[in-house]
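Which chain is which? The protein sequence lines are A and B, in order.
The working numbering applies: residue 1 is where the first sequence begins, and numbers increase by one.
The working numbering applies: residue 1001 is where the second sequence begins, and numbers increase by one.
Because the hints were derived from the structure by calculation, they are not lab data.
Hints are supplied without guarantee of correctness; some may be wrong.
[Unchecked claim] Derived lysine-lysine pairs resembling DSS-like cross-links, with alpha carbons at most 30 Å apart:
{"#": "1", "chain 1": "B", "residue 1": "1042", "chain 2": "B", "residue 2": "1063"}
{"#": "2", "chain 1": "A", "residue 1": "47", "chain 2": "A", "residue 2": "85"}
{"#": "3", "chain 1": "A", "residue 1": "11", "chain 2": "A", "residue 2": "47"}
{"#": "4", "chain 1": "A", "residue 1": "47", "chain 2": "B", "residue 2": "1120"}
{"#": "5", "chain 1": "B", "residue 1": "1120", "chain 2": "A", "residue 2": "11"}
{"#": "6", "chain 1": "B", "residue 1": "1078", "chain 2": "B", "residue 2": "1057"}
{"#": "7", "chain 1": "B", "residue 1": "1063", "chain 2": "B", "residue 2": "1078"}
{"#": "8", "chain 1": "A", "residue 1": "11", "chain 2": "B", "residue 2": "1127"}
{"#": "9", "chain 1": "B", "residue 1": "1042", "chain 2": "B", "residue 2": "1057"}
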Amino acid sequence: MTSLTLVRRIKARPSIVFDAVTTAEGIARWWGPDAGPVLIAEADPRKGGRYRVRFRMLDGTEHECSGEYLDVVRPERVVMSWRWKGGQEDPNESRVEIALGPVPEGTEITFTHSLLNDDETRRTHEEGWTGSLDKLEARFAGGEAV
Amino acid sequence: MTTRHDPPILSDVVNYQQRLDRTFAALVDPTRRAILAQLERKNSASVGELAEPFAIKLPAVMKHLDVLAEAGLITRTKSGRTVTVRLRHQPIREAMAWLSHYERFWSGGLDRLAASAELKEAESRSKVG
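This is chain A alone, in the form it adopts within the complex (with noise of 0.2 Å):
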């Protein structure tokens, strides 16, 4: 039931937009919070297959994420297992969905990224308290009072 969950809408047809997020040459282009490089990207973007990257920040550090395919239905949806190489970012398993849909300009994308626990649980629970979670955490980010 954590997870984050980000849209957004890119001007390309959803076969494009799939293949930039599940083929090495894609990742390679795109992936880490920052303009550092990609240096290794490896994916075999089929459903028991498994991708590796490693990329490096802007700040020097290098970061390792890999995981396997869970599914894949291209060019609509893909679910990966994610974990850090270390466990230094996050120690657990986690999960990412990518959904694509077309839209009149192009593909609308839909990342979800959770912690791997029960489907069931996840879907039944999530809902509606990120907008809340933002104002907790402005409330509560003062000094630590307990």
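Since chain A is already given, all that's left is putting chain B on it; use the hints.
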């Protein structure tokens, strides 16, 4: 009033993932968020004070407090007949850190993903056209 002892602060013994799940599950409910907001303003409050603004009965409020305590979001201490409830900030910090970590990761890449796909789209159109 019957009181139950809170378990030892669970967030210190169960693993990180379970802690996060509990935090988010606890925060899904609007009444529980309102209770936390009250506690944030007052720092501490009795169960009766916390229940006051709500149309629900005291036992229902107690249930919400159980969930919040199990998630480690509050502590309850009993003194005589009064139970004092206090906020614990750590679980929310942990949840926010998890979210912001991955939000930075994906939103950072999305611009480049869009630029790269849009370039491919333009290229494929110019080939066809």
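Is the Cα-Cα distance between residue 11 (chain A) and residue 1127 (chain B) 30 Å or less?
holds (17 Å)
Run the distance test for residue 1063 (chain B) versus residue 1078 (chain B): straight-line Cα separation, threshold 30 Å.
holds (17 Å)
So if I understand the rule, the pair passes when the alpha-carbon distance is 30 Å or less; does residue 1042 (chain B) with residue 1063 (chain B) pass?
Within the cut-off at roughly 21 Å; holds.
Checking one constraint from the list: CA of residue 11 (chain A) to CA of residue 47 (chain A), max 30 Å. Satisfied?
holds (28 Å)
With a cut-off of 30 Å on the C-alpha distance, tell me whether residue 47 (chain A) and residue 85 (chain A) pass.
holds (21 Å)
Restraint check for residue 1042 (chain B) with residue 1057 (chain B), where alpha carbons must lie at most 30 Å apart
With a Cα-Cα distance of about 21 Å, the restraint between residue 1042 (chain B) and residue 1057 (chain B) holds, given a limit of 30 Å.
Within 30 Å, alpha carbon to alpha carbon, are residue 1078 (chain B) and residue 1057 (chain B)?
holds (20 Å)
Check the hint pairing residue 1120 (chain B) with residue 11 (chain A) against an upper bound of 30 Å on the C-alpha distance.
It holds: about 10 Å lies between the C-alpha atoms, which stays within 30 Å.
Within 30 Å, alpha carbon to alpha carbon, are residue 47 (chain A) and residue 1120 (chain B)?
This hinted pair holds, its Cα atoms lying about 26 Å apart.
Going through the hint list in order, the structure satisfies each hint without exception.
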